[in-house]
Structures are given as C-alpha cells and as structure tokens.
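Student: Spelled out, the chains give:
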Amino acid sequence: MSDHPTPSEPQGPEDEALEAIHAKIPPDLRVREALSLLESGGVEELADAPSDLKGIPACEAFLEQSWKLRGEDPDEMVRLAMFANLIAGKLEPEVHGEKKVKDLQCRAWAALGNAYRVADDLDAAELALGRAAELYLQGSRDELLGAHLFDLQASLFGARRSFAAALQTMDVVYEIYERCGERHLAGRALITKGSYSGVANDPEGAIRLLQRGLAMIDAGREPRLTLTAVHNTAFFLVICGRFREARSLVWQNLPRYEEHGGQLDRVKLRGLRGLICAGLGELDRAEEYLLAARQGFDEAGVRYHSAIAGLDLAVVWLRQGRRAEARDLVLDCVRVFLDLRIHREALAAVLVLQRAFEKGLEADALLDKARDFLRRIEQDPALTFESYFL
Amino acid sequence: MSSRSLRRVLSVSLVMAFLSLGSPASGAASTFFVSPDASFWELAWQWLTEQLSTTVEGEPAAPADQSDAGWILDPNG
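As you go down the protein sequences, you meet chains A and B in turn.
Under this note's numbering, the first residue of the first sequence is numbered 221, with each subsequent residue one higher.
Under this note's numbering, the first residue of the second sequence is numbered 14, with each subsequent residue one higher.
Incorrect hints may appear among the rest.
So, partial list: chain A residues that the calculated Cβ filter (under 7 Å) puts toward chain B [to be verified]:
hint, residue
1, Ser-375
2, Gly-401
3, His-404
4, Ile-411
5, Leu-492
6, Gln-515
If the Cβ cut is set under 10 Å, some of the chain A residues that face chain B in the computed set are [claimed, not checked]:
hint, residue
7, Gly-291
8, Pro-294
9, Asn-334
10, Ala-335
11, Val-338
12, Gly-378
13, Arg-408
14, Arg-444
15, Leu-445
16, Leu-447
17, Ala-449
18, Asn-452
19, Phe-455
20, Val-458
21, Ala-529
22, Leu-603
Hints were generated in silico from the structure; no laboratory data involved.
The beta carbon of each residue, even a glycine, is placed where N, CA and C say it ideally should be.
This is chain A alone, in the form it adopts within the complex (with noise of 0.2 Å):
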C-alpha cells in the first residue's frame, strides 16, 4: 500500500453514496475529518479515505500534524511535512486554481523547512525555505503568509546564531503583523523576538519583550506559546541571578508544561531547574536535574547541547570537590565538542581546559570561564579566544 493518500480505486454504489454525502461538507470540516482520521489511525487510514478527503483536506491534516509535533518528535515531524509536500506537488491548478496551489505549496516547503531545522539539519531547512520563497512569488503574495514565512526565516537564522538578521527579522515580522491587526501574532512574534535577544546578551530587554507578548496573546489559541514566554523568561531570570523569581515561575507553571509541553521541551524544563538549583547553591538537586537533562539529550540526539549540559555539571561537582568526576566529564564533553568541529574560538578554549584538566590543574575557574565563554560565542560568534581569556 502507499504510503501516501492516492486516487481511490473505481467506486460501488455505497462509494458513491459516502462522496455525495462528503462532498456536501464544507472544506474546513473536511480538513478536521482528515486530520481525524491522520491521528487516529495514521497515513494508512489518511489513505483510505473518500476522495474528498485527499487532495489539499489531507495536505491541511498533514501540515498540522506535523506542526503540532514540533518540540516532540522532530522526525515525524519532517515526515509528515514530506507528504504535505508529496500531495501539494500533484495538485492540479486547472482544478484548484494556480495562485492557491502555489500557496499551498509554499506553506507545505515552508512546514518542511521549518521541520528540518527543528531535526538539526539546517542546510536542507535553508534549501526547503529557499523553494517556498519561489512559489511564494509565484503565488497570491499574501502578507500575513509572507509574515509566516519570515518568521520561520528568523528561526533558522537563530539556530544559525545569525541572532542579529533574526532580530530584525522579526521586526518585519512584527510590523506586519500589527498593521494587519493580527495581535495574537504580532505578540508571537514579540515572544520570538524576545527571546532571541536574550541570547543576543540582553536578558533583561528579553524579560520585557517576552511579557509584552504574553500580555497580547491568546493563550487559548496556542498553548504552547504561552508555555514557551514562560520557560524563556524563567531561563533570562536564571541568567540576570533571579534564581527565586525563576523558581517561583517555573512552579506555577508546571502543568502547563506537563500539558502542553514536548519531549525536548520537558527535557529543557529539567536543564533549567538544575541551573536553578545551582544557582541557589542546591548542588544535590542541581546534579540530579542536570544529569536527567543530559540524558534527554543524548537519548534525542542532540549531541552538542548534551555536552554543554555536562559541562554545567562539571561546575557543579566541581562545587561538590569531586575532581576527578568533573575531570572525566570535562574531557568526555571535550571529546563531543572536537568530534563536531565546533567553531575555532570555541575550541582554542576548549583544548585549553583539555590540557588543565589532563594535567589535574586547579581548573575551577577556568571551567568557569570556558563555559561562560562557549555560552558567550553562542551569542557572539565574533568573539575570540585571545579578547576573552588574554
């Protein structure tokens, strides 16, 4: 069978039937249907479904599952997205209309691109990006669609660290959004841009941003967005040395994370109540959340920020006097940051801590400073080893 929705085979009398009945719904309900049958019994029940529900409803139910997915499994996520793009790619203008085939194209390149750079694999998300802004072009041109597009641009440039294109990427984006009257979106894109200016070095700018979203959002609308000005905040009070402010935060907020959280995003929740409970000097508790994090990590694959984990642990069993713990650790993490190639700066500093900790050196400090430096060069790929540790 395929695995993709496909034609329906000639019809009997009670097929028949079933269509005229369907074709009486209005699309949207077509679009739930599909999406119901996607959920509940997967593509192969998408594939067995009347002809009514394939084409663009089964495209639509693809679109949003897969986005639906995103903080859970980024490569069901992509997958959904390529069948998005399978069913959009056969529609046939003369029956739809070439402007809105194009669009839907544009939207299932976009879902796709979106979806890769969530799996990590941003060359193929910048290429996916790249094919939707061409049909884009060659479709209505519409803005608030242009408006999405953007914004999934401005995620891909922050996981490129391209924080500063990202920033004013979402200034477009929000402007956009704003002059149309979208308030829920344009307080989004308020919560995007907030938090990449947290990671531009300016928590508390982040703090402020990310509220001035919540207060414009509809939380009802998405949840997790709500969820995600949430986390953010907490994680910039970390950073400014708000540790119980961000505590206090992170409790009142706990279901929301069992509800409406990921997999990846429940595995940052702990990351963040180990730098917490580091910060307030709970190293007991700060070990158990930071090694449950790092195991999240590694169990999703994602290999660098495992590492950065392990080195947050470092300093807190270097905290604890466990040396020659931390020692391990620290060259462990080493050993994944030169397996990735990391950038240059990054590993001048990281060969240095190699080199301390192979030689049993009094390295707290320089543990200190090489964390805050691979966190800094995050943020600031023009930073160099000589300005920081010379």
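Knowing the structure of chain A, use the given hints to seat chain B on it.
Tutor: Quick look at chain B alone, frame taken from chain A:
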C-alpha cells in the same frame, strides 16, 4: 531562480537599505508596505538569503545539533 543564485545579484546598497529596517518603533518598515508589490518581496528574499551567506566561509562547520542557545524554547519548535 534558486535562493543561492539570488544572493549573487544582491547589491551592497540593497543590503544596507534592508539592514536599516530597524525596530518597529521607527516604522521604517512601513514605507515598504504602502504598496506591496513584486519587487518588495523579491528584494526582501534577496536580503534574507544574503544574511545567510554572510556566515564565515571556510570555518569548521557549526555542529548540526545547535538547535538553540542555552535552554530556550522556540515558538516554531
């Protein structure tokens, strides 16, 4: 035209014009939206792809699993 070939035709002045689209408070971006037309979006995408091409060439590739900085969540996943 592929996104990669778009980068090659982008002029410095065009890049600077788009880089000058700053904060929402300035409203500078609004001047581009008075009459959205084909040229704006083409220029916008050229600018975006140019931003992607300004990453340093020849550096070791950034690790593919740098999905975000620190522990933050992205609204787009």
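Student: Name the hints, by number, that the structure is in violation of.
Tutor: Numbers 2, 3, 6 and 22, in rising order.
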